[in-house]
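The listed protein sequences correspond, in order, to chains V and Z. With this note's numbering applied, the first sequence corresponds to residues 1 to 151, in that order. With this note's numbering applied, the second sequence corresponds to residues 1 to 663, in that order.
Keep in mind that the hints are not guaranteed to be accurate.
[As the list claims (entries may be wrong)] Computed cross-link-like contacts, BS3-like style, restricted to lysine-lysine with a CA-CA straight-line distance of at most 25 angstroms:
hint: 1; chain 1: V; residue 1: 5; chain 2: Z; residue 2: 496
hint: 2; chain 1: Z; residue 1: 340; chain 2: V; residue 2: 7
hint: 3; chain 1: Z; residue 1: 386; chain 2: V; residue 2: 43
hint: 4; chain 1: V; residue 1: 50; chain 2: Z; residue 2: 340
hint: 5; chain 1: Z; residue 1: 386; chain 2: V; residue 2: 50
hint: 6; chain 1: Z; residue 1: 571; chain 2: Z; residue 2: 524
hint: 7; chain 1: Z; residue 1: 272; chain 2: Z; residue 2: 496
hint: 8; chain 1: Z; residue 1: 340; chain 2: Z; residue 2: 396
hint: 9; chain 1: Z; residue 1: 396; chain 2: Z; residue 2: 272
hint: 10; chain 1: V; residue 1: 7; chain 2: Z; residue 2: 571
hint: 11; chain 1: Z; residue 1: 272; chain 2: V; residue 2: 5
hint: 12; chain 1: Z; residue 1: 386; chain 2: Z; residue 2: 396
It is worth saying that the hints were derived from the structure and are not from the lab.
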Amino acid sequence: MKGRKLKYVVAGLIVVGALLGLIYSGVRDSMVYFYTPSELAQKQNELRGKALRVGGMVVDGSVRWNPQSLLLSFQLTDGQGTLSVWHTGTAPDMFKEGAGAVVEGTWMPDGYFRASTIMAKHSEEYKPPAHPESLEGKKQLFKSLLKEGKQ
Amino acid sequence: MIATLGGFTLFLALGVTLYAAAASVLGARQGREDWLASSRNAVLAHFCLVTLAIFLLEYALITSDFSLRYVVNNSTRESLTRYKIAGLWGSLEGSILLWEWLQSLMAVLVIARYSDRGPSGCRQLMPYVQAVLQGISVFFLLLMTFAVNPFARIFPIPPDGRGLNPLLEVTDMLIHPLLLYSGYVGFSVPYAFAMAALITGRPTEEWLRITRRWTVVAWLFLTGGIFYGGWWSYRTLGWGGYWAWDPVENASFMPWLTGTAFIHSVMIQERKRMLRVWNLVLVTVTFSLVIFGTFLTRSGILGSVHAFAEGPVGVMFLAFLALVLLFSFGLVAYRSDQLKGHGELDSIVSRESAFLLNNLVLVGICFTVFLGTIFPLLSEAVRGNKISVGMPYFNKVSVPLGMALLLLMGIGPLIAWGRASLNNLQRNFLKPILGAAAGTAVLYVLGMRHVEALAAFALCFFVIGTIIFEFVVATRTRAGTMGETFLTAFGTLLLKSRRRYGGLIVHLGVVIAIIGIAVSSVYKVEREQTLRPGESLTVGRYTVRFDGMEAGERPTHILVWANLTASQDGKPLGELTPGQRFYPNQQSPFASVDARYHWSEDLYVILSSFERDGSSATIKVIINPMISWIWIGGVVILLGVIVAVLPERRLALLTSRAKAQAA
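Just need the whole structure built from these sequences, with the hints factored in.
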């Protein structure tokens with residue numbers, strides 16, 4: 001009787017142990033450190049090459065987009081430090097200048113942050129924009145687009 | 001006006017609910033039938049009051065009564081009526097009201113379903129079941145009266161509302177949250193029965209038998225909600241995926257995992273009278289995870305620990321969670337002498353062991369998901385810096401555990417109870433194993449080299465093999481002994497042991513979905529390129545030609561789209577028009593994806609960006625092989641559950657009618 005119970009305990013321990021090992025290796029391999037641009041600037045050397053996640057605001061007027069090479073570059077700021085980010089591919093919906101964004105990637109030796117993913121920060125309730133473009137204005141814009149697009 | 005009336009209604013509902021709980025407990029303790037009857041009336045009145053509150057809020061939403069803050073935040077004057085209605089569950093306050101309404105509805109359904117019929121013990125349990133259900137309602141009503149009042153006013157009254165998040169303005173918004181919430185709330189009923197069984201000192205197998213069918217239906221709603229959410233995300237969110245291990249998704253997945261474990265371990269307790277404590281723990285954990293998930297996603301704690309302290313919502317949820325855990329486990333400890341099971345495990349090679357292991361793996365997956373979700377919190381608390389584990393962690397951990405689960409899904413239903421003999425193993429598993437090996441070999445020869453995909457397929461083939469084997473053998477045996485045709489034998493088999501065969505059909509659905517998940521994630525192809533009009537992009541066998549940009553007005557937004565002509569191996573497939581939606585209140589556009597859905601492969605296109613003069617557009621093309629199998633699997637699961645839970649009497653009626661027609 002005792003031996004049989006022991007057998008189940010051992011079997012259970014093996015399963016739980018395997019589970020913990022799996023979790024440990026999973027966590028070790030996919031840990032992503034979260035920093036702000038100014039924290040990153042302070043810890044430049046130790047963080048180079050590590051998987052990082054950096055959150056901040058997209059600096060107004062910093063977004064450059066080359067449609068042919070699909071190269072996107074912009075700057076992220078937390079008010080104190082600024083980080084230059086580049087990314088291959090398009091930005092997600094809701095990504096815009098002056099709004100929050102989180103980028104995931106690594107810091108390259110040349111001082112750029114190469115982002116593998118960009119996440120636009122959004123909340124469920126939407127705040128109205130500070131200077132809303134009027135619907136009329138947008139209609140005009142798209143009417144002109146309609147014409148030019150069909151030439 | 002509505003604000004006052006709504007607030008008053010909720011306050012009244014709180015009083016009635018407290019009365020219902022107290023009257024049912026006192027009535028049961030003193031054996032006063034009249035108090036119990038009065039309590040039942042109060043439960044009904046509670047439901048009516050909350051229904052009235054829902055109507056009031058809906059009325060305010062539909063008539064755009066912007067004196068309510070909630071209406072301002074969740075609708076605009078121009079919103080279509082159906083989205084005004086859906087605004088009810090557009091954000092926290094209304095969601096809580098909807099939740100509480102479903103909760104009160106469940107209490108009424110419990111009375112309707114279990115008061116008159118059911119086993120004799122049901123009568124003793126019912127007062128306490130109601131007390132627990134009403135207690136849960138008290139929490140939600142307290143939450144609404146003190147923290148998140150859906151009828152809060154706003155001053156000055158704005159001319160127009162802000163509207164729902166445009167991402168939520170889709171028809172799916174009318175279905176997905178309702179399914180999910182029904183699933184969440186549904187699990188409170190088996191929990192209430194479990195607690196009632198503990199309180200009355202009857203914590204044996206009775207409460208399981210009473211709630212068995214209910215639990216499976218709640219599970220179906222939760223499963224349906226999760227599948228529907230993935231489908232919605234895939235078709236409309238515009239990133240080409242269906243699941244991102246987002247905390248909100250994990251919050252629905254965790255109770256699903258423990259709920260699934262519960263449905264399985266119930267079978268061992270019914271059969272072998274063991275695992276009594278374990279089942280009580282599982283049902284408590286499932287209910288707690290529902291509350292915890294809401295806490296996690298609604299308190300803002302994941303965004304930042306500091307957001308948590310700002311509002312009372314998080315604290316109230318956490319306090320309720322602590323109360324639930326303390327109360328439930330306290331009761332389990334109090335009744336521990338009655339909870340000693342009778343059964344013993346005879347052998348490690350048995351159905352009991354397979355089910356136990358299945359439970360361990362399901363709870364293990366739940367634990368890993370839990371850990372991954374709260375990891376940023378843990379690391380911030382322990383080490384002071386935020387570390388998150390993203391999709392790689394979840395994928396890495398869940399793939400091997402999922403495979404273990406698949407293996408057990410094949411073994412569990414067929415292995416013998418007690419102690420499986422070598423003969424039993426050989427008889428039941430030799431053919432499925434050979435079939436799986438053959439199938440995998442064929443895939444290898446056809447060129448599949450991805451190890452994980454091959455392993456997943458081998459296991460899927462094995463499970464499908466065991467299901468087919470079981471159906472064929474049972475049908476053949478019945479046809480032989482009863483002299484029926486194969487089809488009749490198959491039909492009667494389904495009807496006679498519906499729980500077993502319904503369950504196997506559910507397993508089949510799960511396997512189909514897993515095949516879809518495995519293939520679409522391993523063999524997904526993605527390319528993005530900027531095209532000028534007339535240029536085309538070729539991905540695999542597909543070519544997509546960009547013909548130009550167009551724009552048009554829609555009732556709530558302006559749509560800009562790219563005209564694309566797709567072809568497969570030179571054969572035209574038709575037009576695709578991915579676009580972007582521009583809303584007057586939003587600064588950045590929302591994707592409006594287009595796709596050609598097919599059972600074997602989806603061609604999915606996204607308009608990433610475009611030049612405003614229409615001279616070029618950046619198009620992303622994604623090929624998702626076999627992704628539809630996930631949704632097909634979901635439908636098969638639905639069918640399986642229907643087979644498993646359809647009431648006997650109705651089926652008997654149907655079959656007798658069919659026989660009468662045939663005669």
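Taking the hints in turn, this is what the structure says about them:
A distance of roughly 37 angstroms separates the Cα atoms of residue 5 (chain V) and residue 496 (chain Z); the hinted pair therefore is violated under the 25 angstroms criterion. Annotation: proposed proximity of residue 340 (chain Z) to residue 7 (chain V) holds, straight-line Cα distance about 21 angstroms (limit 25 angstroms). Using a Cα cut-off of 25 angstroms, the hinted pair residue 386 (chain Z) and residue 43 (chain V) holds, with the two alpha carbons roughly 15 angstroms apart. Annotation: proposed proximity of residue 50 (chain V) to residue 340 (chain Z) is violated, straight-line Cα distance about 52 angstroms (limit 25 angstroms).
Straight-line distance between C-alpha atoms of residue 386 (chain Z) and residue 50 (chain V) comes to about 14 angstroms, which keeps the hinted pair within the 25 angstroms bound. Using a Cα cut-off of 25 angstroms, the hinted pair residue 571 (chain Z) and residue 524 (chain Z) holds, with the two alpha carbons roughly 22 angstroms apart. Our distance criterion of 25 angstroms between C-alpha atoms is met by residue 272 (chain Z) and residue 496 (chain Z), whose separation comes to about 22 angstroms. Our distance criterion of 25 angstroms between C-alpha atoms is broken by residue 340 (chain Z) and residue 396 (chain Z), whose separation comes to about 38 angstroms.
For the hint pairing residue 396 (chain Z) with residue 272 (chain Z), the CA-to-CA distance comes to about 36 angstroms; that exceeds 25 angstroms, so the pair is violated. Only pairs whose Cα atoms come within 25 angstroms are accepted, and residue 7 (chain V) paired with residue 571 (chain Z) is rejected, the gap being roughly 63 angstroms. Between the alpha carbons of residue 272 (chain Z) and residue 5 (chain V) the distance comes to roughly 17 angstroms, so the proposed pair stays at or under 25 angstroms and holds. Distance hint between residue 386 (chain Z) and residue 396 (chain Z) is fulfilled; the C-alpha atoms sit about 21 angstroms from each other, no more than 25 angstroms.
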